[in-house]
Amino acid sequence: MMKTGPIEELQRQGEIVFTADGGLMLGGLPLRLLRWIDAQLLQLAGCVSEIQCPSLIERQVLERASYFESFPHGATRVEAGQRSGLLAPAICYHCFAKLANAQIETPAGFTCVGKCYRHENGATHVLGRLWEFTMREFVFLATPELVHQQRRDWMERVASFAHAVGLKGEIELATDPFFGEAGRGKKLLQQIKELKYEFSVVMPDGSKLAIASFNLHETFFTSRFGIVAAGASETHSACVAFGLERWMLAILAQCGLEAVGQLCG
Amino acid sequence: MKSGDDSTPISRQNQFEDGLLRFINTELLVGSDLAIDADSALFADGVIDSLKILYLLAFIESAIDRTIPDEEIVMKHFRSVRTIAERFTRSHRDDENWSH
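Chains as they are written, first to last, in the numbering used here: chain C, 1 to 265; chain P, 1001 to 1100.
Everything labelled a hint here was simulated from the structure, so no lab data went into it. Predicted, not measured: the structure shown is a model, and the values here were computed from it. Take the hints with a grain of salt, since some may be wrong.
Now the in silico label distances, taken between C-beta atoms and shown as ranges [claimed, not checked]: (1) C:82 x P:1044: 49 to 59 Å; (2) C:49 x P:1041: 32 to 42 Å; (3) C:226 x P:1061: 35 to 45 Å; (4) C:13 x P:1061: 50 to 60 Å; (5) C:223 x P:1035: 45 to 55 Å; (6) C:23 x P:1075: 32 to 42 Å; (7) P:1037 x C:21: 56 to 66 Å; (8) P:1050 x C:156: 47 to 57 Å; (9) C:69 x P:1075: 21 to 31 Å; (10) C:8 x P:1009: 31 to 41 Å; (11) P:1035 x C:159: 20 to 30 Å; (12) C:11 x P:1058: 23 to 33 Å; (13) P:1075 x C:156: 16 to 26 Å.
Mimicking BS3-like on lysine-lysine, the simulated pairs with C-alpha atoms at most 30 Å apart in a straight line are [stated by the list, open to error]: (14) P:1076 x C:168; (15) C:186 x P:1052; (16) C:208 x P:1052; (17) P:1076 x C:208; (18) P:1076 x C:98.
A virtual CB, placed ideally from N, CA and C, is assigned to each residue, including glycine.
Extracted from the complex, chain C is given alone in its bound form:
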């Protein structure tokens, strides 16, 4: 008889339920693990302002972020009676909207958490590719040098955290564009400038799953949202994003139920 993996075992117990429409229902150990991961990430960040974000996002925020130029069909649309809205495809957009047209003291750091919605070619049943998921993001704004340094620090912290937990993965230059499929020139520019790195793990079915990304935005968002730093000629931003359900599934799959029980039981 084939050995059942930790995720299948938790599905059998009803503590992990992949819903037919691309959501995830959690209870017991996996829910404790997800909350434990989030608490650990917050600790890695130290002291930063915390923001809890709504699922809905104003269209004008995504327009200001040039979102539709890169991902014309990326945002999920919802309707209720005469009203319609969009669901956030990423959390940091809320953060930039909150800071719009402001003069800020830098370096500045924020963390935001909320539900995100991405419909990736309809592949919502693939393990870890959910339509709805929870994203924890850390956003920082500073000089170009400091933003680079902060991203390097985050990559080291995440690698150390994963190693401590027993999660095997690799931090690699990302091949999928952060700013969308907006042409070969943009993709190559992103690759050369090393704007996006990902921390990826291998799942039991052999598929590779990116569970964190480390993104330099340069002045992409600060210029569009009119965010300026007091006394600085140029303000860059960056974000580090974690898909919490993916982290939970990856740790369960690689470390097993007993080890997870010891981590957060």
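Use these hints to put chain P onto chain C, whose structure you have.
Quick look at chain P alone, frame taken from chain C:
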């Protein structure tokens, strides 16, 4: 480099560098106040944008007479005109001895 070229590796590299510098300064940066030298950082300060990088690649590919695969288009090779020249004027035989 194009076949039939019997110049030395150093002179090939220097010729390529000179040609690439001239192309960038007179074609890509035309109308701007910027001028670069062989060691200038090409991807700082928005010198090369998403359109200019395609012109830059077309120039290099034409000069070396081969297509550059996307995996080779990374910062360590494209930091400056000098690093581009060092990487892409080596012969395929040199390439075989490189560690990736």
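Okay, the hints, checked on the actual structure:
no. : hint                       : result
1   : C:82 x P:1044: 49 to 59 Å  : holds, 50 Å
2   : C:49 x P:1041: 32 to 42 Å  : holds, 34 Å
3   : C:226 x P:1061: 35 to 45 Å : holds, 40 Å
4   : C:13 x P:1061: 50 to 60 Å  : holds, 57 Å
5   : C:223 x P:1035: 45 to 55 Å : violated, 25 Å
6   : C:23 x P:1075: 32 to 42 Å  : holds, 39 Å
7   : P:1037 x C:21: 56 to 66 Å  : holds, 58 Å
8   : P:1050 x C:156: 47 to 57 Å : violated, 30 Å
9   : C:69 x P:1075: 21 to 31 Å  : holds, 25 Å
10  : C:8 x P:1009: 31 to 41 Å   : violated, 58 Å
11  : P:1035 x C:159: 20 to 30 Å : violated, 41 Å
12  : C:11 x P:1058: 23 to 33 Å  : violated, 52 Å
13  : P:1075 x C:156: 16 to 26 Å : holds, 19 Å
14  : P:1076 x C:168             : holds, 27 Å
15  : C:186 x P:1052             : holds, 10 Å
16  : C:208 x P:1052             : violated, 33 Å
17  : P:1076 x C:208             : holds, 26 Å
18  : P:1076 x C:98              : violated, 37 Å
The structure shown violates the earlier hints numbered 5, 8, 10, 11, 12, 16 and 18.
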